[in-house]
Amino acid sequence: MSLSQIETDAAGVDATAVPVAPQPGMVGRSPGRLAWARLRANRTAMVSGWIMVFFIVLGLAAPLIELVYGISPFEQFQDKIANNSLPLGYFGGVSGEHWFGLEPQLGRDIFIRLVYGLRTSLFIATSAALLTTALGIVLGIVSGYLGGWIDGVISWVIDFALALPFLIFALAIMPTVTARFYGPRDEIPVPFRIGVMIFLFALFGWTGTARLVRGQVISLREREFVEAARASGAGLFHILFRQLLPNLWAPILVSFSLAVPGYITGEAALSFLGIGVVDPTPDFGVMINKSLSYAQTDPAYLIFPGVVIFLLVLAFNLFGDGLRDALDPKSSR
Amino acid sequence: MLRFLIKRLLLGALTMFAVSLVAFGMFFMLPRDAVATMCVKNCNPERLERVRVELGLKDPLVDQYTGYMKGIFVGRDLGSAQGGFCDAPCLGYSYTSSEEVSDIFARVLPVTLSIVIPAAVLWLGLGIGLGMVSALRRGTVFDRLAIGFSLTGASMQLYFVGGMLMIIFVYTLKILPVPHYTSLWDDPLDWASGLVLAWVALAFLFSAVYARLSRAQMLETLAEDFVRTARAKGLTKSRAYGRHALRAAITPIVTIAGLDIGGALGGTVITETTFGIQGLGRTAVEAVRLGDLPTIMATVLISAVFIVVANIVVDLLYAVIDPRVRLG
Numbered sequence: 001m002s003l004s005q006i007e008t009d010a011a012g013v014d015a016t017a018v019p020v021a022p023q024p025g026m027v028g029r030s031p032g033r034l035a036w037a038r039l040r041a042n043r044t045a046m047v048s049g050w051i052m053v054f055f056i057v058l059g060l061a062a063p064l065i066e067l068v069y070g071i072s073p074f075e076q077f078q079d080k081i082a083n084n085s086l087p088l089g090y091f092g093g094v095s096g097e098h099w100f101g102l103e104p105q106l107g108r109d110i111f112i113r114l115v116y117g118l119r120t121s122l123f124i125a126t127s128a129a130l131l132t133t134a135l136g137i138v139l140g141i142v143s144g145y146l147g148g149w150i151d152g153v154i155s156w157v158i159d160f161a162l163a164l165p166f167l168i169f170a171l172a173i174m175p176t177v178t179a180r181f182y183g184p185r186d187e188i189p190v191p192f193r194i195g196v197m198i199f200l201f202a203l204f205g206w207t208g209t210a211r212l213v214r215g216q217v218i219s220l221r222e223r224e225f226v227e228a229a230r231a232s233g234a235g236l237f238h239i240l241f242r243q244l245l246p247n248l249w250a251p252i253l254v255s256f257s258l259a260v261p262g263y264i265t266g267e268a269a270l271s272f273l274g275i276g277v278v279d280p281t282p283d284f285g286v287m288i289n290k291s292l293s294y295a296q297t298d299p300a301y302l303i304f305p306g307v308v309i310f311l312l313v314l315a316f317n318l319f320g321d322g323l324r325d326a327l328d329p330k331s332s333r
Numbered sequence: 001m002l003r004f005l006i007k008r009l010l011l012g013a014l015t016m017f018a019v020s021l022v023a024f025g026m027f028f029m030l031p032r033d034a035v036a037t038m039c040v041k042n043c044n045p046e047r048l049e050r051v052r053v054e055l056g057l058k059d060p061l062v063d064q065y066t067g068y069m070k071g072i073f074v075g076r077d078l079g080s081a082q083g084g085f086c087d088a089p090c091l092g093y094s095y096t097s098s099e100e101v102s103d104i105f106a107r108v109l110p111v112t113l114s115i116v117i118p119a120a121v122l123w124l125g126l127g128i129g130l131g132m133v134s135a136l137r138r139g140t141v142f143d144r145l146a147i148g149f150s151l152t153g154a155s156m157q158l159y160f161v162g163g164m165l166m167i168i169f170v171y172t173l174k175i176l177p178v179p180h181y182t183s184l185w186d187d188p189l190d191w192a193s194g195l196v197l198a199w200v201a202l203a204f205l206f207s208a209v210y211a212r213l214s215r216a217q218m219l220e221t222l223a224e225d226f227v228r229t230a231r232a233k234g235l236t237k238s239r240a241y242g243r244h245a246l247r248a249a250i251t252p253i254v255t256i257a258g259l260d261i262g263g264a265l266g267g268t269v270i271t272e273t274t275f276g277i278q279g280l281g282r283t284a285v286e287a288v289r290l291g292d293l294p295t296i297m298a299t300v301l302i303s304a305v306f307i308v309v310a311n312i313v314v315d316l317l318y319a320v321i322d323p324r325v326r327l328g
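From first to last, the protein sequence lines are chains A and B. Taking this note's numbering, the leading residue of the first sequence gets 1, the next gets one more, and so forth. Taking this note's numbering, the leading residue of the second sequence gets 1, the next gets one more, and so forth.
If a hint is listed, it holds; no wrong ones were tucked in.
20 Å max Cα-Cα, derived EDC-like pairs, lysine to aspartate or glutamate:
| no. | chain 1 | residue 1 | chain 2 | residue 2 |
| --- | --- | --- | --- | --- |
| 1 | B | K7 | B | D315 |
| 2 | A | K290 | B | E286 |
| 3 | B | K7 | A | D159 |
| 4 | A | K80 | A | E97 |
What the hints contain is simulated information worked out from the structure, not anything from laboratory work.
Could you build all of it, start to finish, from the sequences and the hints given here?
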């Protein structure tokens, strides 16, 4: 990374600092533009960013791909399944027509199911990350700025939430919530299941962002600009969201970008355990769970979804790391 | 130190009390009808009614809660349909497997311990070792390889790694048996060969995180003045880095390790489901599938106990490693 002197100096200033007014004869660059320049110079971050974009586009364009590919995720190719319920052909029935082969027994096309699985996974992960970040910001900023008993209560709740084992609680909550709204024999609609999952993530996930924001706010609240706002009679809402929040966007962006892959993993884990999305909805976790019983006879069924989710999470993680390095150069790996 | 310990224990007890309230409230207030959920087939109204009375679901909620808690500490009478008197620690009676929940746990807890403890030793050793060495050899090929390893591991899914390990070692090379549990005291060799894949899978994923963290911590510590002073005084490299720097670098790692181990003891749900080993986690999954409420409730409580206890242990270790904590 080749940085000019002025850039190196600016890099030493933390993201919360107020930008210095540009001196005559020099090109002024905002911290945001500096970060962008650093991000673009980071090859790993750019490559993983493009892979990320590729996956997102693939997920968004799933119906279009289905149209071009010509196979729906629910179509069953029973004629291509042998009597022992395994797909005919090599490596799980990979062919020009079925790029990633077929599922054993039901004979559905793995490629198109993965494309739709991407959609499920990204939708849940992004909504959960948005929701938890929003909750975390509000609670963190309030608790950090107000202090006192409100801070005490929120901090205790954060510590308490950390003492709850997420997966076990999720295992327990899912059936109880379902039992609250549906009878034992009712069909449970897919949006309801997805909604409960996002709710679960929100319930447990806000604590990380809240902690982060709280810490930052505590270090900011005694600064002059906050004092000035208070002195000129600004309301609480104005101080919290107009004065403090704009100074926090860098750490929030980083925590958001690293939360998404976390929820991709979490969603797949819940579905893997059978408490998230269920078959016939295309999903990585469900697929891998089913594939484990065919690990001996049809390894391709495990490898394709496994590799796709690995690449997806890896791309998001690497990009998040790059973003952090760009926004906060002091925390270099 | 004693005051610190007492304060910490009280706080832990308070957290446990809150967890038990939440868990209890969740199960006994939320479902429309816990009994109907529990009993999926062969249920006629009279039988449901009898079960409700025996479970004490007709009593006021506070009585139900105190009854449950009393059962844990001194035992209680559950009635003839639930196997009579249930000794402390009584966690209720599981209708689906027709035995006391504490008996189920006595059976599955050693399994989870056998998975987690060796795996934790492996992942801590591997992760911290890798992180330290790559910090000391910053920029070398070894460092790059270690970074690559930790990035890969941090994005891997346990069920995928586990499945691949099984495909390679069990089904293709055929050098390991299908994962299973045998008691360590009965046959140590079989115990190890049945669980080794679970250890390796867990260690791979976790050590990636620890390698990354301990590398960053170590780099930060190595830049500190006291390390340079130690070297300047004439201390050997191994003594300055191995003792002085390591001690300072390891404190944050202890916190995370405590939380991870506590969480894992509370149920390695995914590991056990992947390898088909019946421990605490898989018991919880099955209890959920069968709607076995007493077992689910007990799993929640036990796994929370593990985390709370792990937190207390971490704080105590912290006080041992870092003298500032004791004074604060």
